[in-house]
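Here the protein sequences come in this chain order: B and A.
Sequential numbering of the first sequence, starting at 1, is according to our numbering.
Sequential numbering of the second sequence, starting at 1001, is according to our numbering.
Hints listed in this document are in silico derivations from the structure and should not be mistaken for laboratory results.
Warning: the hint list may mix true and false statements.
Unchecked claim - Listed below are several chain A residues computed to face chain B (Cβ distance under 7 Å; list not exhaustive):
| hint | residue |
| --- | --- |
| 1 | Thr-1393 |
| 2 | Lys-1472 |
| 3 | Ala-1475 |
| 4 | Gln-1476 |
| 5 | Ile-1484 |
| 6 | Val-1487 |
| 7 | Ile-1492 |
| 8 | Phe-1506 |
| 9 | Pro-1541 |
| 10 | Tyr-1543 |
Stated by the list, open to error - Mimicking DSSO-like on lysine-lysine, the simulated pairs with C-alpha atoms at most 27 Å apart in a straight line are:
| hint | chain 1 | residue 1 | chain 2 | residue 2 |
| --- | --- | --- | --- | --- |
| 11 | B | Lys-479 | B | Lys-469 |
| 12 | B | Lys-212 | A | Lys-1088 |
| 13 | B | Lys-187 | A | Lys-1510 |
| 14 | A | Lys-1135 | B | Lys-70 |
| 15 | A | Lys-1550 | B | Lys-70 |
Stated by the list, open to error - The calculated label-pair distances, taken between Cβ atoms and stated as ranges, are:
| hint | chain 1 | residue 1 | chain 2 | residue 2 | range |
| --- | --- | --- | --- | --- | --- |
| 16 | B | Arg-329 | A | Tyr-1543 | 49 to 59 Å |
| 17 | A | Pro-1152 | B | Gly-173 | 45 to 55 Å |
| 18 | B | Leu-390 | A | Leu-1443 | 32 to 42 Å |
| 19 | B | Ser-2 | A | Ala-1036 | 50 to 60 Å |
| 20 | A | Gly-1089 | B | Lys-232 | 34 to 44 Å |
| 21 | A | Lys-1510 | B | Ala-392 | 31 to 41 Å |
| 22 | A | Lys-1510 | B | Ala-491 | 49 to 59 Å |
| 23 | A | Gly-1478 | B | Gly-231 | 20 to 30 Å |
| 24 | A | Trp-1343 | B | Val-432 | 42 to 52 Å |
| 25 | A | Ala-1528 | B | Pro-55 | 27 to 37 Å |
| 26 | A | Leu-1443 | B | Val-51 | 51 to 61 Å |
| 27 | B | Lys-469 | A | Ser-1432 | 39 to 49 Å |
Built from N, CA and C at the ideal position, the CB exists for glycine as well.
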Amino acid sequence: MSFPLLTVTAAVPAVGAVVTAAVPAAKRSAAKYTALLFSVATLVLAIVALVRFDPDGDRYQLTESHAWIKDFGLRYDLGVDGIGVTLVALTALLIPFVMLAGWHDADPLEDVNPNRRWRPTQGFFALILLVEAMVVLSFEATDVFLFYIFFEAMLIPMYFLIGGFGDRAHAAGEEEAARQRSYAAVKFLLYNLAGGLIMLAAVIGLYAVTAKQLGQGTFSLQEILAARGSGKLHIETSTERWLFLGFFFAFAVKAPLWPLHTWLPNAMGESTAPVAVLITAVVDKVGTFAMLRYCLQLFPEASKWATPTILVLALIGVIYGALLAVGQRDIKRLIAYASISHFGFIILGIFAMTSQGQSGAALYMINHGISTAALMLVAGFLITRRGSRLIADFGGVQKVAPVLAGTFLIGGLATLSLPGLAPFVSEFLVLVGTFTRYPVIGIVATLGIVLAALYVLVLYQRTMTGPVKAGIEGMSDLKVRELVVVAPLIALLLFLGVYPKPVTDILNPSVKHTLSDVHKTDPKPALEAKK
Amino acid sequence: MSAADKGAAGVGAVHSLWTTAAPVADKIPAPHIEYAQLSPVLIVFGVAMVGILLEAFLPRRSRYTAQLVLSVVGLAAAFAAVVALAEKGYGTTKAHVAAMGAVAVDGPALFLQGTILLVALVAVFTFAERRLDPKAHGNHVDSFAAQGSAVPGGDQEKAAVRAGFTTTEVFPLLLFAVGGMLVFPAANDLLTLFVALEVFSLPLYILCALARRNRLMSQEAAVKYFLLGAFSSAFLLFGIALLYGYSGTVTYGGISSVIDGTAPMTPALADSTGNDALLLIGVAMVAMGLLFKVGAVPFHMWTPDVYQGAPTPVTGFMAAATKVAAFGALLRLLYVVLPGMRWDWRPVMWGVAILTMLVGAIIAVTQTDVKRLLAYSSVAHAGFILAGVIATTPDGVSSVLFYLGAYSFVTLGAFAVVTLVRDASGEATHLSRWAGLGRRSPLVAAVFAVFLLAFAGIPLTSGFAGKFAVFKAAAQGGAMPLVIVGVISSAIAAFFYIRVIVLMFFSEPKPDGPSVAVPSPLTSTAIAIGVAVTLVLGLAPQYFLDLADKAGVFVR
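All chains, full assembly: derive it from the sequences and hints.
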């Protein structure tokens, strides 16, 4: 038996979570370094997986397969395709930065600790590691049920991160902040739990269908695809549509797709900047990833049936998110609405069913992760310094803290997809991919880019330029720790903006597989068709 | 098959005795009793009687230890007997009907008896806890009234408290209840069913009335429970009479064969058999009696009051063990007696299940007392289990068995945690008092959160495995709409479980908030077992699912 690389990649942060949680209350910084160490070890493992992954090899690689709960047809099947392995790497990459950025977020406010067993710092870092482990497993699972388990279970640590460690920069006072925070956490959990439970019904339905037709219920992606390929499994059209809707609903809540997005601004606004990054750059990616992997592969016909509706919803999300971002007064909620707009793009790319569109969407997941992380983390530094997250409280920051302002600008420009920065490539691919099949939707979606320029530049102008406002004068520039967080992210944005080939090389074969599953081929180029 | 034949032969004998010219009395054969196969029940009843004798003859100060040791040993011995019977194959190949057709010894019976005994064993630990309340006049006290017969607040009560009396009778009472519960799911004729019901209900009524704190509320709960329980018993008994009228027999196999039309027609039966009115009304009334014990809507009214008023250790035991026993009896009734009229009872049970799931979940949202909250949550869970009952497949039986095992330990653990959170007036069960518990006692709050997440059915806990098992069985049994209602009410239910977690972890602690008592190893063990079972059944349930699978066949 070969080395279970994927299991270990998920097990390291899980063990790290336990170890971190066990560090004594007084040794806070020991806990932090322990957690960081484990997250870096995970990153190393993820890079090893990335290197060992052969883009032109089998569809699923580094596979592991063990029986888990035979009665439920649940198997512990792991394996990654190009998209999965890249997203695992993205997750592993972002976590150390999230931790470094949130280094002091969970320090107790007063040194006098009334209860020596209350260990918020340990809890914060342990929960981050726990989320990492579950996200990694959900990217690696090739068994539908296994995926579901981690998809659902990750809500709990995430919920504690949102509700337990809120933003301290709150205008309305501590009590009101606590109220809003717990509202945001509950909203996050209930939306996602409801989505997950609907999916559970569909998962059970899938089991009932496979059990009836194959004699033995199964959740294994490969088995189901093989059975369908050989004609042994035939899901009736109406059943397939119901099952598709059950799955898609859960993913659309998670992603989030308009109109199921309303939990995201609350959750991102009330949590600390690193946790907000965890939500939007890491956890939400599971939703879009799952659409690509499970919705399209398991239910190709139903996916095609639902495509027009989903495209319209995604398009509304693109425009609506951007419009609301323009109108925000709160920096973090602005970034949240910008993310909703970007998730609209990703879903557009997935359901355009063209190779450019899906490659673009897959690449977009990576790029959005990096660019949002950069922007949000710098915004977090900014907000912590001022003690407020209202745009109106800022002005002229670039005069007092030029490096901070500069990194904020680069993060912002990445968000608006400036050519030369990574997101441009993916957004362009998505738009081209959409345009070749649905020209009208492609054109309208372009509006999203224009609005992105508006909300990013206006945000920059209001906060960074102009006269130095009261409360900004003494603002310090980025510290070494903060630079260590931001610099590599910006370097990556630049690198992938100029030379995305290493990533696209890994992604493209997987996208081709997915497209062939839904029996879609790219439309002929218009000029060629005329000949 | 031989077992069924034997049962039928027994039926014939009884019939001829009552309906045809009766032979002279000296020809009544001595009943043939398979003592070994009934040993779990006999051990428990025997130990309970010894317990009574101890009450009578031992001096007060040594009763507590003696009763505790005796109960634990007795329950453990009974459990060992169940395991031994299962090892010998009585759960599978040698399953048959013992005691002249009165008691079934088969897979479901043994599985449920094992579960009930383990639950009771853990419950004894919580019954015996004496460190939570502050010492009264230098004596350790437990959750039970100093003297059950003393008027609350009266002089006699004060004197009893001062003298350091404790009600050690609770241990034999618990054992009698357990004995009844062991027979209930194994009962193979309606009279045994009724007797078992009364045997386990009466001690529970008394136990409910014995709270040390809030005695009036406790007594009110007991009276309510008793009155409603008496009604339901009356329904059950009336239903039994009607079914006897319909079929001329009270044995399950006999009634079933009359329903199927396979029973030989005797002249005495010809008048009443085929009278479907008797059958339908009788079945409805018997089912009502059982659904009352299960706590299904619309027969759930007693649960919140009784759960709230009863001493918390009793509530935990009752919530867990009664449900196991009653669902066992319901399963046997529906699968052994009534499979022939599945098309009549399924639609009704569909309605009951849907109502139970939704009403339980929705009303729980408005609760402000943690014990009432858990009561309504138990109603919702009864609905989930009913979804598995309705599947009418072997998978359905085994999923229900598994769910009952998983659920009962979560329940026991949760109520054990409730006993720990106390203020000056005893347990602080109002939810607002739980605010900020996570800050004061992270460990206790975390443990309770684990139980709540298991109730909510979050993956990696036993609650999820159980819920998945019953929903899967329901879906395969063609009840997909039930599954959908089930997930919707799970989502509603998640709301109030999560609310408690929010309260514990994200609210500021109140300055005068309750403190968490440090329990003795007894309660700690009970809680630890609850957590361990919750996690083991959540992460690696395969062994137990296999066990439930093997135990999934009823003897006819």
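Need the list of violated hint numbers for this structure, in ascending order. Per hint list: 1, 7, 10, 12, 14, 24, 25, 26 violated.
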